[in-house]
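> Respectively, the protein sequence lines represent chains V and H.
Throughout the first sequence, residue numbering follows the working numbering, covering 1 to 407 in sequence.
Throughout the second sequence, residue numbering follows the working numbering, covering 408 to 916 in sequence.
Keep in mind the hints are simulated off the structure, nothing from the lab.
Here the structure is a predicted model, which is why all the values come from computation and not from measurement.
Here a beta-carbon is modelled for each residue, glycine too, at the ideal position from N, C-alpha and C.
Among the hints, a few may not be true.
[Unchecked claim] Between beta-carbon pairs, the in silico distance windows are: (1) Glu-473/H / Leu-287/V: 57 to 63 Å; (2) Ile-219/V / Glu-478/H: 44 to 50 Å; (3) Val-881/H / Asn-86/V: 52 to 58 Å; (4) Gly-673/H / Asn-112/V: 42 to 48 Å; (5) Asn-167/V / Pro-469/H: 57 to 63 Å; (6) His-103/V / Ser-653/H: 28 to 34 Å; (7) Arg-487/H / Gly-268/V: 55 to 61 Å; (8) Asn-112/V / Asn-504/H: 29 to 35 Å.
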Amino acid sequence: MKYSIYISIFLIGLLGCRDTIPEIPLKPHTFAIRPVPTQTVAGTPIEIQLKTNATADLSLIISNAFGSAVIKPTHKKNVSSFRFPNEFAQRSGICQWSLVHDHKVYQKGEINIRPNPGQGTTMESYLGPRSISAGGTDFSMFVVSPTDNYDNPLTDGTEIAYTYQFNNTIQSIPVELNKLIGWKNIQSTEKSGRLLVTASCNDAKSKALTTLVYPAHAIDFKIDFTRNHQFADGNQIIRFSTDVIKDAYGNVISDGTLVSFSVLNSEGMLLQTKGTTINGVAKAELLHPIERENWEITAYITGTAKSNSLKVSFEAAVRDFNVSLSQDHRIITIANIESFMGQWIPDGLPISIEIKDGKGNSIGKKHTTSRKGKAVFTLPGDFYPKGNYQVQVEIAGILKTINTSLQ
Amino acid sequence: MKLNKTLYRALLLSSFLAINGLILFGISSIWSYLNTGADRSTMLHLPEERASNYLPKVDWAPLDHEGRPMEEQTLKEIERDYLRAWQVRNSALETNNTYGVADYYTDSARTKLFRILELNSANNTTIKSTTLRHHPKVEFYSADGKLVVLTDENVERHEHIYSDGKLILSQKSTPSYQIMVILEDGFWRIRHLVETPNENPRNAEQIPPSTASISQIKGVNYYPRTQAWDMFGEQFKDSIIDHDFSIIRSLGLNTVRLFVPYEAFGKVEIDPEKMEQLKRTMHLASKNDLKVMLTLFDFYGEYGIQDWTLTRTHAAQIVNALKDHKALQSWDIKNEPDLDFESRGKEKVLAWLDQMIGTIKQYDNEHPVTIGWSNPEAAINLSKKVDFISFHYYRDPSEFLGSYDALKKKASLKPLVLQEYGYSSYSGIWNGFLGSENDQNDYYKMMDRILVEEHIPRLFWTLYDFGEIPVSVVGRLPWRKAKQRYFGIIDRYGNPKKSYSHFIGDPKK
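The shape of chain H in the complex, shown without the other chains:
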C-alpha cells in the first residue's frame, strides 16, 4: 500500500514535470518561429554566393574580339555564370533533376537539356561529370552589353556513365564549344551551346620527366618524434626538423618522404601558415642535402567526380608553390589508395588517381609522379601512367624477391621504388611479448641485404617510435595502435634502438 502511494506520487510528479517541460518546449518553439521573419533579401532574385564546390581551371584567352570592349567586371560575371551553367548541367545530368537549370539557360536552350534529362530518366541513366579545364575566349560582345559569343576549346571533361546504377563507362574527352550567352534578369544565360570540331588539339606529346635520380633513393618516411601524422600547425618547430634531418643525413640517407594532409592543409583554400611551414621544411631538407618525396592528399578519401575540381585546386596551389624548389624530388599523389578500393570502389579511386596524374603534370612536368601503393600486387594499377612505381612491403623478407620480380616483369621497364618497409619492435600483451629490437634489427639486415644486391631504391618506415597514434591512421583497435608505435629506429625518448646501428654501419654510406 505504501509502495503504491510512493509510486503514484512519483508518477504524478514526473508527469507534472514532463507536462511542464512540454509546455515550455512548445512556447519556445512558437517564440523562435515568430522570431524568424522572412529575409527581405529573398524578394530579390540574386545569384547565390558561389559555393566553392566547383572550381575548374579557367584560362581566358587574351581579349581580342569584335564589338564593344569587354569590361573586367563583366568578364568576371560571365565567367561566374558560365561555370555555374556547367555546374547545374553536371548536377542535372547526375540527378535527372532540373534544379537551377532555368537560371543559367534561356528558355529554348533549357528545353534541349530537359529532353535529354527526360530520356535519361526514362532509361534510368545517370551521368556523373565534371570539367577540369576551360579555355574560354571572348569572340564578340554586343554594343549594348547584352550578348556575348564565346568559344571554349579543349574543355577537359570527365564523365562516369551509369545505367541502372551500374557504372558502364568512364570517359575523358576534350570537346570544343561555341557558346552564345545573353544577359537576362542579371544572369548571363546560355542561349546556344554547340560542340565544334577540335581545330587545334592541345595534346602535344609531353616529354616524360627524368627519373635518373630515382635509382639513387635511399631514405626514410619522416614524421617528427612527437608529431606523428600531425607535422604542420602550431607545434611545428624548425629546430626539431633541422636536428632530425641532420640525423637522417648522418645515416647516409638522401631522401625524406613527407606527407601533406588534404583536410588539415585547408582543402581548397590552403592554410598559408602551413604552406609556409612546408616550404621551411623543404629549405631545411635542402640545407641538409636531402631530397623530398612529397605525398599529397594524405587522409583524403572522397574521390567522387564532383570533388575533382576541388582536389585540382588544392594540388595546383601546392605544386605551383614548390615545383621550383631544389629539394623537391618527386610527387607522390596518394598514400596507399588501394586500401580504399573496397570502401570507395576501385573504378572511382583509379579514375581519380588517373586524372590527378594529368593535373599535376599540367602544372609541373619536371618532377616525376608516383603513387604509393600498399603492396607490390596493387602497384601494377596505372603503372603506365606514373613515372616510377612505388610500393610498400611489410611482409616476410623471404617472400620479397618473389613479389618484386613479379611486379618488375609487368612494370615495362618503369623504375621501381620500395617506398615503405619496416618492422615493429613492439613487444607486449598483444603479441605475447614476442617482438624485440633484435627482431627489428634482423629484419633490416635481411631486407637491406636483398635491396642492396638488387639495387632497389628504398625508404624505410620510420625514424622514430611514436607516443600516440591518431585514430585516423590505423583505427581504434589497441593491438594495431600498439604495433604502429614501435616502427622507429630511435625510440620515443630519442635513444637509438638496435637497428640504428645497422643504419650507421651501412656499408654503402
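The following block holds chain V by itself, in its conformation from the complex:
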C-alpha cells in the first residue's frame, strides 16, 4: 500500500514528462511559380523559382529519357529555387518536371531542350559494306549521326553535306537529318577503284571513309598454251594461260581469282590444274603425257565464266626399242628405247611387262622405269617354273610380244 503511492506518483510524473504535441497550423500552402520556359537549348542553365510558404518537404522531380532525379530547393529570402543539374540541362529531348510537396504534385510541366550545335558539332559516321562490286547495282550506305558538344543528336532537318570522290570526280549532295541520322546510298561505279566519302555538318567534318569498288563478275575469256615440242615424252611441261580476264565493264578482275583448267584426254579421263590470276591472267601447267594423246582443254571460273575449248595433240615420243633375253631367258633386257630425235628417252619412263602362261592366261605384271634408255626385268625360278610363257612389253603405248621358254 505504501508503495502504491510511490508508484502512482511515478506514473503521474511520467505523464507529466510527455511532450506536448505541437499544434500544426493548417494554413493552406501557396505556390507561386515564376514562368518556366518550355523551350531551351542544351547547356543553358534552367532554374525554377517560386514563392512559397511550404519550404519543408518541397522537392522537384525531373525526368528525361535516361532517368529521373529529385532536386531540393535553395532558399533566398522567400524565394525557393531549383536549379537543374547538368545531367538534365545538357541533355536534349523532353525534360519533365513536377513540383512535389507532401506526396502531391502542385504543378508539372515539360521543357523541350533542343540540341546546341552552336558550341560545335561532332560527327559519327558509319559506312558499310566496305567493299562493293562495280556496275552501279551494288551500293554502300553512309550513315551520319551528328551530335552537339553534349552528345545530343541534332534536330531533324539539319543539313548534312555528303561528298564523295572517285578518280577525278568529286560530288557533293545535301541530305537532311531525319530521326537522329542522315543517310545516303553510294552506288558503285562502273570502274573499279576506291570510293572516298566524307560528310560535313555545320563546321564539323567526318573523317574520310573508303569503300572499295571491286571488279564485278568475270565474263567469258580465252586460253592458250605453250610447249617445247609436241612429243608425249612424259617429261616436258605444257603451260596454259588465259588472256586478261575482265568483267562486263572492262575492269580487270581481282587478283587471286581461281581459274581451273580441265583437260579431257583421249580415254575420256579428266585432268585438272589450277591457277590464280595476277593482273587478270591465270597460268597453270601440266606434264606432257607419256603416250600419244589428244587433249581438249577448257578453263572455268566456277559459277561465273568459262573459256573457249582448246585442242592439243601429242605425238608418241618413243618409236622403237629392243628386247633381248639372257641365256636362260630369265632376264629380259629392254634397251635402245629411243626418243624422237634418236636420243635416249628421259629417265623415269614407266615400262611394264605382262607375263602370260602357255594358254594365254595372265599370271603376273611387273613395272619399272627406264634409266639411261634401258630397263631390266628378272623372272625368278621360284615364281615362274620352267615352261613356255608369253611376255608382253609395253612402253609409251607401244606393245611388243615375245614367246619364250624359261629354263
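Position chain H against the provided structure of chain V, taking the given hints into account.
Quick look at chain H alone, frame taken from chain V:
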C-alpha cells in the same frame, strides 16, 4: 572415479567421431571443389537467357522503313536487347548500381546514365520504375545490318520515386522516344535515346462498360465442397461443379464468384490444363444460366513495381481467353487487397491495383472491373477508377445500413455490390458452444431483409461448409480455422443447413 572414467571414455569417443566427421567433410569439400571445373561457355560473352522477370507488352508497328529489309530474326534480337536495356536501366536507377548497363548501352550513352546514377547516389534518391507497354517501330535499318533507328511512342512508364528511403511520388507517364541502336559484340546497344514530344497520344476516351447487369446480382461465392480454395487441378470434376451450379440456380441465384489463384495458375506461364478447367467451369455456369464474377490474383501479395510486367502477362492471358465468354459478368482484380496495406504498404498496393485496372481495360473494355474490398470503409479507395464498388461485410447486421450509406455518399453514383457476407454456424470450444445454425439463419433473414429493401446486389459466403481450410487463408490459429469451416448453407456432408431453407424460400426467387 568410475563416473570420471566413463566420462573420459565418452568424451574421447565423441571427439574421435567428430574429428573423423570433420576430416570426411573436408575431403568431400575438396573433392567437390575439384569437380567443379570452369564452364567453357563462360569464355564466350553470351547474352544470358532472358529471365522471365520483365515482360512488358510490345506491339511492333508493321514494318515499313527505310534502308535494308528487316529480318524476322534480327527484329527478335533487337526486341530482346532493347527490352533488356530498359530492364538494366530500371534496375540501375533502383539500386544506383551500374550492373549490366555496359552490355546494353554504348560507351557514350552509358556515361549519360552513369552521371544520373552518381547524382542520385549522392542525393540518396532511388527510383523504382517499370514500363508496361511499348509501341516500337523500325524507322531505319542500315544496309550492312549494324545500325537501326527505332521510335517507341507512348511507352507506359510507371515510376516510384524515393528520397532517403521515403516514397515521395508515384507517377505514370507515356513518353515517346527516338532510339538509335548499334550492333556491337553481338549486342544491339543503345547509342541515342531521346525523348520526343508526344505527337499522337493514345489516351482516347474509353466508353466505360455497361454496369446495368450489376444491380441484378444475387449470388454466391463458390468453392466445391471438398476443394476449398483449391478448385483447379487434378481434383477438378465437371460433374461436381455442374451439380453445385444447378443447386445454386435452384436457389434463385444468378451469379457465382470464382477465384483464380495467381501462383497455382502458373504466374507468367499459365497452366494450360487449369485454364481449360476454368473455361469448362465457365461453360457449366453458362449452361446453368449463371454469370461469373471472376476474381483474379488470389493469394498474390507482391505488388512491387518490378512485378508489374509479370502480373500484366498473367492477367492478359486470362482476360484474352475469357473476355468473349458469355458467362463472364465482371472482373474482380483482387480479393481484399486492403488486408495487405499494413504489411506491404498502402501506396504500393494501391499503385498496383490502379495500373492493373488500366491493364485489364486495355484488353477488355466490355466487362466492368471491380476490387473486392474487405469492408465498406476500405471500398472508397480507387472508387473513381473501378466500374462498380465491391465490399465485404461480416459485422453486425444492425450496423450495416450505417456503413453502407456512408459509402454510398462518397461513391459518386457508382453501383455498389455487397460481394461477401455470411455467418459461421460454428459451435465449439473456441466460441464456448455459442454458435448455431439458427443464429446463421437469423443472420441471413436479417441481412436479406435489409438488402432486399435497399435493392443491394449481393453475393453471400458460401455454399458449403468445408472440411479443411488451407493455412494460407486464415493462418494457423485453430479458432480462426474452425470458424471459417462453418460458413456454408449446406454442411460438409451435403445436407442442407437451416439457412438453406431461407434461400429456398426467398420471396424474390
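> Run every hint past the structure and note whether it holds.
Tested hints:
no., hint, in the structure
1, Glu-473/H / Leu-287/V: 57 to 63 Å, "59 Å, holds"
2, Ile-219/V / Glu-478/H: 44 to 50 Å, "33 Å, violated"
3, Val-881/H / Asn-86/V: 52 to 58 Å, "56 Å, holds"
4, Gly-673/H / Asn-112/V: 42 to 48 Å, "45 Å, holds"
5, Asn-167/V / Pro-469/H: 57 to 63 Å, "43 Å, violated"
6, His-103/V / Ser-653/H: 28 to 34 Å, "52 Å, violated"
7, Arg-487/H / Gly-268/V: 55 to 61 Å, "58 Å, holds"
8, Asn-112/V / Asn-504/H: 29 to 35 Å, "31 Å, holds"
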